Each structure stands twice: as structure tokens, then as C-alpha cells.
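Participant: For the record, the sequence lines run as chains A and B. Each step along the first sequence adds one to the number in the working numbering, with nothing skipped, and position 42 is 42. Each step along the second sequence adds one to the number in the working numbering, with nothing skipped, and position 98 is 98.
Derived from the structure by calculation, the hints contain no laboratory data. Any given hint could be a false lead.
Sample of chain B residues at the chain A side, in silico, Cβ under 7 Å [to be verified]: (1) Leu45; (2) Val117; (3) Arg123; (4) Ala126; (5) Pro127; (6) Arg180; (7) Asp228; (8) Gly245; (9) Ile247; (10) Met248.
This structure is a prediction, so every number in the text was calculated from the model and none was measured. Ideal Cβ placement from N, Cα and C applies to all residues, glycine included.
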Amino acid sequence: MAKITYITHENEKHTIEVQNGLTVMEGAIQNDIPGIDADCGGGMACATCHVYVKEDWFNKIPKKEDGEDDMLDMAFEPKTNSRLSCQIIVSDEIDGLEVNIPSKQA
Amino acid sequence: MNKTDALIIGAGPTGLFTAHQLKLIGLDCEIVDNLDKIGGQCIELYPDKPIYDIPAVPECTGEELTNNLINQLKPFDIKFHLSERVEEVKKEDANWLVKTSGGNTFLTPNVIIAGGVGSFEPRKFAPKECEQYENKSLFYSVKDKNIFKGKTVSIFGGGDSALDWAIELSKDCKINLIHRRDEFRGAQATVDKMHELVKSGKINLFTKYQMANAHGGQQLESIDIKHDNSEIKNLKSDYVLGFFGLIMQLGPIANWGLNLNKKTIEVDTEKFETNQKGIYAVGDICNYPGKLKLILSGFHEGALAARACFKLARPNEKYRFEFTTTSSNLLKRLGKKE
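With the rest of the complex left out, here is chain A:
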């Protein structure tokens, strides 16, 4: 279990306990967090689960694998701390993670 805080573009904070093994995207979808669409269902094929991860956390969570940056090229307003939330797997190590949701996904 890890507590994940999703911060919407309007600065609303949603803190959810997400089971280990799920992705940060799945945690959002299962709890109806607004602003994460995940059109492709976690296939790293659409860039609509795009989030920003705060600097300190960005370096702590597992690194991007091949293909994620290619997909982020297509995201809406990508930044250096952009990630696809479907590629961040929840574990005890990321307890307390905060992610910011962009103003829109496309």
C-alpha cells in the first residue's frame, strides 16, 4: 500500500491508498480522480494519463523505460518532470508520492 496524492490543475488534493502492484494511473481511474483519461488503458499508447512528478520524487521513482519519452512527446504541455502515470508502479517505496495533473490531457 502507498498513499498517493493527486493534485488537480485547480489545486484540489486527492489522497488515495493504492494497492501495491497497481499503477498510479489505475489508482486514479479506480477512484474517479478527474483529469486522468487513460484512453488506451495502460498500453503506453496514448499519453492521456500524463502527470508531473515533483523533482525530489521524480529522481526517486523507477526511471522511464524505452518508449515512454517517445509517447510524452505527444502529451499536452510536457515538461522535464513529465511521466505517464500508467508506467509508475505502486510499491511501499513510493508511499507519499505526489503527482500534479496537467490542465488537460489533449
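For this one, chain A is given, so just place chain B on it according to the hints.
Facilitator: Chain B alone, transformed into the frame defined by chain A:
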């Protein structure tokens, strides 16, 4: 005006198999899709990715699945209308009048929406100033490259489309190529070619920059691009091209008076009919208790929706269930029997 027993919106696996089921039970159908090719998400998003959960097919790629479905449709004559989006669906007596972006109209008692997560549209620039120049000085695809001759063109993106056009247009245009990072995901040979042209001064390359603003009157004059470190550069540009791939948008479907739940359409599980009689939704776009977004579920939903279409298309006939193994009717339609 095209008259048909059923119009299918979406040529992905679900739409294709639904067409098979309609033709098998003796109904006509035509298919409209906004993409320029058959296959839907399977072709657009993951042509090379293996799929492992199609019943009786241990492993196949999105492209193989699509080709197999097209093969399965071979006995039938089905008209495809590609690169067309359905814009309008209106009631006309007992039928639906359907209009597409390509100027086609259909009159049909049955409309089957097999639209996946909507239609594929180009991803656009974030700054809202860009909108006013869309289709005038700013494009997401190239229709006529001659308009760029002798002009300054700023091209955004890191994939093959951006690179190919940068290389092609550098022959007789001044090219700025802008990408959000140093790595390009295009084919290596194309990336190498682009770097050569940068060295010889044919292409001005700006990496770690993104679109920040667009300036001009009726005509675009210049754009601002912003570096990761927040530095802003102004580039004189007559034209801008953006290549950020495609995104799925529900689009006009939202305006057809259907009960929607987020980006999905609510249906019953007997006919997969929406709240509008004669409009069905199948595959990823439909929603009901227990819905699974699997290709195999789409096949089942399409088969049942096709039977429901029969009632409206042939009100005076009775539908009789038959097996392809034994029915001479079905075997004739499949071209297996005289």
C-alpha cells in the same frame, strides 16, 4: 444518398466483425472511419504489439488481427468510406439520416457505433493563440507542399512525420525544426539525414524548446518558443507544422442525444442498443454493468447488435438462428456452396 440496412461507424476489429455478422445473416452494411486505413486502434496504436487474448489465436499482432478480419470479410461486398468522420445523425421517419465530413449521406434504420474511444484527431499546440491560424498558416498535416515554397516554415515534433517534412521542405524553404528534447524517435537514417542538413545550414534545429505563442494579424508573422530553462526565442515564420501524432476524441458523437458515461455510451446487453432506437454501440465505446474492454467482448456485442438490426431492416421477415457448419443459406452467402 446511400441506402443501407446498417451503417457501422468505426473500422476497428469490432466494426469489422460486426460487418461480418450482418452480411452473414443477409443484411447490407457500409463502414465509415475517420482514419485513412482499416484497423482502428490495432493499426494506429499497436500494429506490431502482440495480442495474447483473442480466443483460439494464441498470439497475433494488431496488424495480423486486422488482416485476418479483412480476410474473413472477403466473401462479402462491403463498402468502406475511409478518412471520413460521421458528423451528424438525425431521425427521419423510421430511419436515421447520417452525414459524413466527406459529403456522403446515408439513410438507414440501423447505426452501429463501433468507435473505440472516439475518432482519431491530430494533437494540437497548447497555446490558444495558435487556434486562429489553424488551417491558414498552421497545419497538422500537409495537403499541398507547394504553398511553402520560398517561405519560412517552423516544424514541431520528433517523429518521422516531422523529420520527413523538415528534410523534404528544406529543398526550397527555410526550415526551423523544434523538438522538446535532444532525442528523436524517427528512423535512424532519417535522424542522421536531418543532422547533416543542420550541419550544412539547411535546417535550423532548436531542441528542448516548445511552442509558447503565435503572433501576427490575419497572417502568421512569428512564433515564440520556450526553452526548458524558460528562455524565450522569437522565430519569424510564415507557416507552422505540428506533428504530435493522433489523439482519440469522442467528437460529434457527443451531440447525438445518446446517454453518455464519461467517454462511453450506455447500452442494454440484449441488443447493445443505446437510448435511441436503432442506434447501437459495441466494443470499447459501449458501457454496461460488467463491461470488459476486450476485443473478444466487442465480437460478442457486434454479433448480438447485428441480430437486433435484422428486426428493423426486415420488419416483415423472421430471423432464424443458423450455424455456418450446417446452414445452406449461410454457406451460400459465404460463397462455399452454389
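Participant: A separate judgement is required for each hint: does it hold in the structure or not?
Facilitator: Cross-check of the supplied hints:
{"no.": "1", "hint": "Leu45", "verdict": "holds, 4 Å"}
{"no.": "2", "hint": "Val117", "verdict": "holds, 5 Å"}
{"no.": "3", "hint": "Arg123", "verdict": "holds, 6 Å"}
{"no.": "4", "hint": "Ala126", "verdict": "holds, 5 Å"}
{"no.": "5", "hint": "Pro127", "verdict": "violated, 9 Å"}
{"no.": "6", "hint": "Arg180", "verdict": "holds, 6 Å"}
{"no.": "7", "hint": "Asp228", "verdict": "holds, 6 Å"}
{"no.": "8", "hint": "Gly245", "verdict": "holds, 4 Å"}
{"no.": "9", "hint": "Ile247", "verdict": "holds, 4 Å"}
{"no.": "10", "hint": "Met248", "verdict": "holds, 5 Å"}
Checked against the numbered hints given earlier, the structure breaks only hint 5 and satisfies all the rest.
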